[in-house]
Amino acid sequence: MEHGFPSPEHPSDAALLEALLRREPDPHLTRCPRCAQRAEAIARDIDPLRTESAREPFDAAFYRRQSAAIQARLGAGHGSPRSLHSLFLAPLPRVAWAAAAVAAVLAVAVGLRGPRLVPRPVSERARPVAEFANRARRAQDRADDRLLREIDDMLDEDPYDVDLGDG
Amino acid sequence: MATADETARTPERAAQTARLVRAARSGDREAFGQLVELHQRAVSRLAYRILGERDDADGAAQDAFVKAWRSLGRFREECPFDAWLSRIVVNQCHDRLKRARRRVMETPLDLDVAAPSGAVANQLDQPVDFAADPEARCVGREIGRKIAEQVGTLPDMQRDVFALRYYEDRSLAEIAALFRVSIGTVKTHLFRATRRIRKAVEILYGTRLPLP
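Chains as they are written, first to last, in this note's numbering: chain B, 1 to 167; chain L, 1 to 212.
Derived from the structure by calculation, the hints contain no laboratory data. For glycine and all other residues, C-beta sits at the position ideal for the given N, C-alpha and C. One or more of the hints may lead you astray.
To be clear about the criterion: a stretch of chain B counts as covered by chain L if any three or more of its residues have a C-beta under 8 Å from a C-beta of chain L, and this derived list gives those stretches [claimed, not checked]:
| hint | segment |
| --- | --- |
| 1 | 21-27 |
| 2 | 40-47 |
| 3 | 64-74 |
Stretch by stretch, here's where chain B covers chain L in the computed footprint (C-beta under 8 Å, at least three residues) [what the hints assert, rightly or not]:
| hint | segment |
| --- | --- |
| 4 | 33-44 |
| 5 | 143-157 |
| 6 | 160-166 |
| 7 | 198-208 |
The following label-pair restraints were derived from C-beta to C-beta distances [as the list claims (entries may be wrong)]:
| hint | chain 1 | residue 1 | chain 2 | residue 2 | range |
| --- | --- | --- | --- | --- | --- |
| 8 | L | SER71 | B | THR30 | 20 to 26 Å |
| 9 | B | ALA101 | L | GLU77 | 20 to 26 Å |
| 10 | B | VAL105 | L | PRO155 | 48 to 54 Å |
| 11 | B | GLY111 | L | ALA200 | 50 to 56 Å |
| 12 | B | HIS10 | L | GLU12 | 42 to 48 Å |
| 13 | L | ARG101 | B | ARG65 | 27 to 33 Å |
| 14 | L | ALA23 | B | ALA61 | 25 to 31 Å |
| 15 | B | THR30 | L | ILE183 | 41 to 47 Å |
| 16 | L | ASP28 | B | PRO33 | 16 to 22 Å |
| 17 | B | ARG73 | L | ARG103 | 21 to 27 Å |
| 18 | B | ARG73 | L | ARG76 | 23 to 29 Å |
| 19 | L | PRO155 | B | ALA43 | 41 to 47 Å |
| 20 | L | ARG99 | B | GLU40 | 30 to 36 Å |
Could you build the full structure based on these sequences and the hints that come with them?
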């Protein structure tokens, strides 16, 4: 008899898979041999340890060889927990990291704003501004003077003073 | 008789692990060697369950231990060492699957190959030799690989809970104790992880999985 997948009575493959992944016993499987068979087929397909012959895929010799290989790799410097990072930075707890970060930010802030933290006299602080304003004013005065002179010159001219010639 | 995995979960074993981790963190390679011996069975089996291939699993397990040694300085004891190590193994396996997939996609398919008789035959007509090539060996368990790829994309806690539950067959209570959370929290993470994997598998294959 063909199994009606999916149907309200029988869970879909996806539902069977989800239960398998959660390792939850599905009461339906105890009642339905076909679904149980299907679930077993899915389990076998996704888990190589499911088949009896592969229950213990590695033997003692494998583990000895693997252990030696790992030690050899560590000896060759493949991994080094004694690096500068791990010696000085990584072991710091998170609180210390946070404190160091705050201290660094404060140091930068003080460095940038330090000279201004000591208030200078108002006259001293205003001096550069005043000098700049004076320079600007002098330049503007010179320009105004030049313009006024040009206007005066124009007004001094006689509009009828045109040489029409004698004849 | 208790298996090595079961004994790995006893309090004495946990205390031994904690002692060795502290020694290894201070640079004691011999202590780390003992940690390897204590956990290599669980690590290798986990890698094998994810990758489905012995040599690949061995490589991933070795890479995981080397990575663990390098990262011990960053290991925080609020997370159990077993779970931390499992996470590294899952990540290593995930990287291997990604690399294998990239290799397959980058390999041009040469359709015309010389047949044993000397005549040129179409490669698609040739029988697949599963023993010859690791990628081909994995074809038989495509769904398992897809699941492993999805596991690699899960948020940390979901991934850890899923790996401990499904790949290492730990009880909900045990996982809850490891992470010092309630069983309800473990169930929630497990539900979210498995639901996400299920949806990904459904998108790929529909409701009926292509089993051999």
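These are the hints, each one checked on the structure:
no., hint, in the structure
1, 21-27, "holds (count 3)"
2, 40-47, "holds (count 5)"
3, 64-74, "holds (count 7)"
4, 33-44, "holds (count 6)"
5, 143-157, "holds (count 3)"
6, 160-166, "holds (count 3)"
7, 198-208, "holds (count 6)"
8, SER71/L to THR30/B: 20 to 26 Å, "45 Å, violated"
9, ALA101/B to GLU77/L: 20 to 26 Å, "23 Å, holds"
10, VAL105/B to PRO155/L: 48 to 54 Å, "30 Å, violated"
11, GLY111/B to ALA200/L: 50 to 56 Å, "52 Å, holds"
12, HIS10/B to GLU12/L: 42 to 48 Å, "46 Å, holds"
13, ARG101/L to ARG65/B: 27 to 33 Å, "28 Å, holds"
14, ALA23/L to ALA61/B: 25 to 31 Å, "27 Å, holds"
15, THR30/B to ILE183/L: 41 to 47 Å, "24 Å, violated"
16, ASP28/L to PRO33/B: 16 to 22 Å, "55 Å, violated"
17, ARG73/B to ARG103/L: 21 to 27 Å, "23 Å, holds"
18, ARG73/B to ARG76/L: 23 to 29 Å, "25 Å, holds"
19, PRO155/L to ALA43/B: 41 to 47 Å, "25 Å, violated"
20, ARG99/L to GLU40/B: 30 to 36 Å, "32 Å, holds"
Violated hints, in rising order: 8, 10, 15, 16, 19; the structure is consistent with all others.
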